[in-house]
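J.: Protein chains in written order, with my numbering: chain A, 33 to 240; chain B, 33 to 240.
Don't take each hint at face value.
Heads up, the list lumps identical chains together, so a pair's fine if it works in one copy or across two of them.
As the list claims (entries may be wrong) - Computed list of lysine-lysine pairs in DSS-like fashion (alpha-carbon distance at most 25 Å, straight line):
1. 111 <-> 89
2. 47 <-> 211
3. 111 <-> 238
4. 43 <-> 200
5. 238 <-> 152
6. 129 <-> 43
7. 175 <-> 128
Quick caveat, the hints were computed from the structure, so don't treat them as lab data.
There are 2 protein chains.
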Amino acid sequence: MITITEPKIEKYLMKLSREADRHILEMERIAKQRDFPIVDRLVGRLLFVLTKLKNPKLIVELGSGFGYSAYWFARALEKGRVVLIDTLQDNIDYAKKTFQQARLAHKAEFRVGNAIERAKDYNNIDILFIDIDKHQYLEAVQKLLANLNDNALIIADNSLWHGRVVGKKRDRDTVGIRKFNEYLFSHRDFFTTVLPLRDGVLVAYKLS
Amino acid sequence: MITITEPKIEKYLMKLSREADRHILEMERIAKQRDFPIVDRLVGRLLFVLTKLKNPKLIVELGSGFGYSAYWFARALEKGRVVLIDTLQDNIDYAKKTFQQARLAHKAEFRVGNAIERAKDYNNIDILFIDIDKHQYLEAVQKLLANLNDNALIIADNSLWHGRVVGKKRDRDTVGIRKFNEYLFSHRDFFTTVLPLRDGVLVAYKLS
């Protein structure tokens with residue numbers, strides 16, 4: 033396991049990134065308490081900026097957990113909506129409750145089930161956010177290519193997989209992430225970059 | 033001095049970021065040979081993605097060096113132009129030659145002089161890129177606030193200043209970068225994040 037970004041730097045950035053929204057703070061507290069994996073606040077802020085720049089009509093999330101990343105998307109949305117998908121009813125129920133309390137529910141749609149299958153119900157996806165099992169990333173993007181809008185953005189969490197991408201590990205998650213990265217970096221229809229925030233955030237811009 | 037991102041991760045990302053453009057490769061070679069500071073290829077790729085998302089009419093660079101970052105901006109531009117400003121005539125001459133050879137000169141304007149002063153000639157700036165002396169960052173953004181367009185993007189290189197921002201150093205460059213970061217993170221008109229790529233890239237989105 034490799035430390036991707038120097039912890040002192042992360043601490044400095046967290047200190048700069050003050051937050052007053054009580055729902056964000058509560059979700060961060062719960063995540064810590066239950067050791068539930070969420071993209072952290074620094075990644076959340078990146079999602080906010082990317083959403084402002086893209087101004088999307090439709091965001092589809094594969095693997096929403098209890099709604100932390102979706103909350104950042106919804107916060108930044110001007111007119112569009114975000115579709116949350118998770119396999120666990122409990123997660124989606126929690127997200128729905130939070131969104132209702134924060135008066136963001138009108139910007140969201142809540143789905144339970146297999147993320148890739150449910151996502152096929154949507155066309156002209158402007159932002160596809162991927163945070164499911166790591167060996168399924170490549171399959172997810174390949175199966176949903178036709179559902180993307182022109183100039184869509186693919187954003188994938190854990191694209192450096194705790195640094196395992198650079199080692200010799202051959203487990204299916206590490207291999208899956210490596211293949212996913214290589215696929216998008218070498219695909220002629222995409223321009224791809226990975227930002228070494230937290231566990232690595234891949235951002236791929238569809239060129240046509 | 034702190035290593036911001038684990039070098040093995042940077043190496044992995046560089047390997048994924050293959051490049052065929054001979055002008056990019058030549059500028060990277062020259063920078064290495066002369067030990068001339070440029071944003072590297074990973075930051076260049078980030079600038080490309082941000083430019084595609086923003087689709088700006090006008091980009092103004094403060095501190096263009098010999099044109100490496102401007103080249104990435106120009107490559108991504110659909111219809112707008114990028115203004116390069118540097119204090120050194122030699123740098124701007126080199127950039128101009130490169131842009132002409134690459135048939136990108138029609139997307140660029142070349143200026144020699146004090147970056148902040150020259151930049152005041154422009155209004156409705158969609159992307160302001162800052163890479164001048166570090167103690168001047170805060171002054172630059174304060175003096176040019178009125179020249180920014182609605183929803184402009186400020187992008188600043190070296191916003192982690194080799195990790196010195198987290199130490200006890202009190203030299204004017206380190207203090208300057210700290211103040212600049214704090215100013216934009218706490219400004220109510222901006223939503224700000226720093227991406228720990230290379231030496232730190234600050235990205236601030238103007239909310240109105």
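J.: Could you place residue 111 and residue 238 in one of the four classes (within, between, both, neither) given a Cα distance threshold of 25 Å?
T.: both (21 Å within a copy, 18 Å between copies)
J.: Are the CA atoms of residue 238 and residue 152 at most 25 Å apart within a copy, between copies, both, or neither?
T.: Intra 18 Å, inter 35 Å, cutoff 25 Å: intra-copy only.
J.: Which holds for residue 129 with residue 43 at a C-alpha limit of 25 Å: within a copy, between copies, both or neither?
T.: Neither: 30 Å inside a chain and 43 Å across chains, both beyond 25 Å.
J.: Pop the pair residue 111 and residue 89 into one bin, within, between, both or neither, using alpha-carbon distances up to 25 Å.
T.: both (7 Å within a copy, 23 Å between copies)
J.: Which holds for residue 175 with residue 128 at a C-alpha limit of 25 Å: within a copy, between copies, both or neither?
T.: neither (27 Å within a copy, 44 Å between copies)
J.: First find the shortest C-alpha distance between residue 43 and residue 200 inside one copy, then the shortest across copies, and answer within, between, both or neither for a cut-off of 25 Å.
T.: between (30 Å within a copy, 15 Å between copies)
J.: Given a CA cutoff of 25 Å, do residue 47 and residue 211 count as a within-copy pair, a between-copy pair, both, or neither?
T.: between (35 Å within a copy, 14 Å between copies)
Hint violations for this structure: numbers 6, 7, all remaining hints satisfied.
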